[in-house]
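Asks: Chain residues, written in single-letter form:
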Amino acid sequence: MDATTIKGYIVNKNVPDFLIFTGPEWAVQKIYIDKIAEVMQLDLKYIESISDIYGSLRAKQFITNNSLYIVRDDKDIQTNEKLQSEISSGILGNNILILLLTTVDKRLKFYKQYKDTICEFDALKPAILKKYIQKEINLSDKNCDKLMEVCEYDYGRCLLEIDKIERYHQGHRLPADGYYDSVFEDLLKDGTIYQPPKDAIFDLVDAILDRKVNDSFNLLRQSYAVGEATMVMLSVLYNNTKAVLQVQSCQSNDISKSTGLTGWQIMNAKKHLNHYCNGELVHIMRLVRECEKGIKTGQYEDSTVMEYILVNVL
Amino acid sequence: MIGQNRLKKYVYKLIDKKQFPRFCIISGVEGSGKKTLCRDMQNNWKDVLWCVEPDNKIETVRNAILDAYKAISPTVYVFYDVDNMSVQAKNALLKVTEEPPNNAYFIMTITDELNTLETIRSRATIFAMDNYTSDELYEYATLVKNYDIEAWAIIQSICEVPGEINAIGDVHKFYEFVEKVIDNIASASGSNVFKLSEHIKMKDDSVGYDIKLFFKTVIRICFKRGLENMDNFVYYSKGAKVTSNYLGELGITGISKQSLMDIWILDMRKVWM
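Sequence order for the protein chains is L and S.
Here the working numbering is used: the first residue of the first sequence is 1, the next is one more, and so on.
Here the working numbering is used: the first residue of the second sequence is 315, the next is one more, and so on.
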């Protein structure tokens, strides 16, 4: 099922009593949920689990307000076959239940059974997303592209950042149609608009080899935020340190022939020469290997190893 | 198959009596003939189907388990080198090995028993490969190549299992290489000395000399030279001691051979310079 089918249900005011929404675009899902509640005249209720309302659904009541129940990642519905059959046989009555799933396990029987009930909200295409953003706020094309990039093309996140811009705009009583671009640029610059951390592993190793203390610790934090594995960091640091040692200690004119390194490796290593003496570079290599071995043998905790190296090296 | 007479006798006795365990682990060092034993069993145990799994991925394990429950005739499922099998795959196997299906036998080969789950070990019958005698190794070496006496003396002092004889290749060339390393490791320039690792096999798919054999040969040459000239005994025994430490570290699962080799080079230079 796709969003167009849901749109058809809403137009015809004939929404099925059980729907499953999935996909990354939670903001679009929210728009559809609000619309269903409005059109079908239901009270919108977010519940923790289907068991919260199970009792009231089974009880016979004279006067009830029908509701649109929203439940996220409820395991009961996915695994309890009795509950599934009760939903199929109409236990929901005039209520509607929408199950929001972060991910759908396609191996489960549940997926096969409800394949036609699942509506996947894929990420919006950049051109469409741009239109939506410009409908909300008067941003230039360039800044619109930048906003989409920092929000990783997620409509929901774009809306949150637009909200920040608008609030800042209102707070400073700026003219109605102008200054959105400059507000966006200012907020981006001072970090109010969140920019996801970028791959920092090579910058981190460069900072360590250039003996930049503050940068090294900041980039390490950034690397952890991105989710870089400690073993990868150790491996890159080890290889680059070894290359610097080889180039720094080479007295031959033909470095490539003498060390076996490629032109690219030599060029990179040359950027970091003379920040450490040869003995210190050997110390880094030994330390990195010691830590790598420690992780493999369970002596060291891999979450603290990089800090340990930085403290000992810088 | 050469050697392993005690183990073979025991295994075939179990097969003849139809008492072969439903789930067993064949354990032995690399090159000790675990796969050869499996192939030998495959050739002699004819009244069962043999299904040798191509890899140890979780999908392969799951498919084998599904297959095992459907098997209508006795089938042996073989998983080679399960040391690096993922924990998920091992857990999947655990369920089936607890109570193997009627027609299924599972055989796993492993280098170090500790590399598998204790719960799997406790459910399995473990067949440990025996050590090879000098005569058995000689018999194997003569089958592989017509080695001269000198080469055989080197092999005898370094190789403990047939797999090592296969890995050594040209014995004289290998020995000369190790001697050259020992002679020059302390005097070579710092930038050049790391190139030595280009001759060592660092990954399964790369070419070069086996690192374990290399270290064992270094130790052997160090002792030989130290004993030949007692003035140099301390010098060479230091080299042997350092190398022996690194030889031991090769047993750590997942250890980086490249960094191990580099730091060995640095340590050897430290004690010999």
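Keep in mind the hints are simulated off the structure, nothing from the lab.
Beta carbons are placed, not taken as given, at the ideal position from N, Cα and C, and that holds for glycine.
Please note: incorrect hints may appear among the correct ones.
Each pair of labels, with its calculated beta carbon distance range [said to hold, decoys possible]:
# : chain 1 : residue 1 : chain 2 : residue 2 : range
1 : S       : 369       : L       : 229       : 17 to 27 angstroms
2 : S       : 353       : L       : 215       : 49 to 59 angstroms
3 : L       : 196       : S       : 484       : 24 to 34 angstroms
4 : L       : 197       : S       : 386       : 25 to 35 angstroms
5 : S       : 353       : L       : 298       : 50 to 60 angstroms
6 : L       : 294       : S       : 520       : 19 to 29 angstroms
7 : L       : 202       : S       : 373       : 27 to 37 angstroms
8 : S       : 500       : L       : 298       : 45 to 55 angstroms
Asks: Now, for every hint given, state plainly whether the structure supports it.
Replies: Verification of the supplied hints:
1. S:369 <-> L:229: 17 to 27 angstroms: holds, 23 angstroms
2. S:353 <-> L:215: 49 to 59 angstroms: Holds, at about 57 angstroms.
3. L:196 <-> S:484: 24 to 34 angstroms: violated, 55 angstroms
4. L:197 <-> S:386: 25 to 35 angstroms: violated, 57 angstroms
5. S:353 <-> L:298: 50 to 60 angstroms: violated, 36 angstroms
6. L:294 <-> S:520: 19 to 29 angstroms: 26 angstroms Cβ-Cβ, so the 19 to 29 angstroms window holds.
7. L:202 <-> S:373: 27 to 37 angstroms: holds, 34 angstroms
8. S:500 <-> L:298: 45 to 55 angstroms: violated, 34 angstroms
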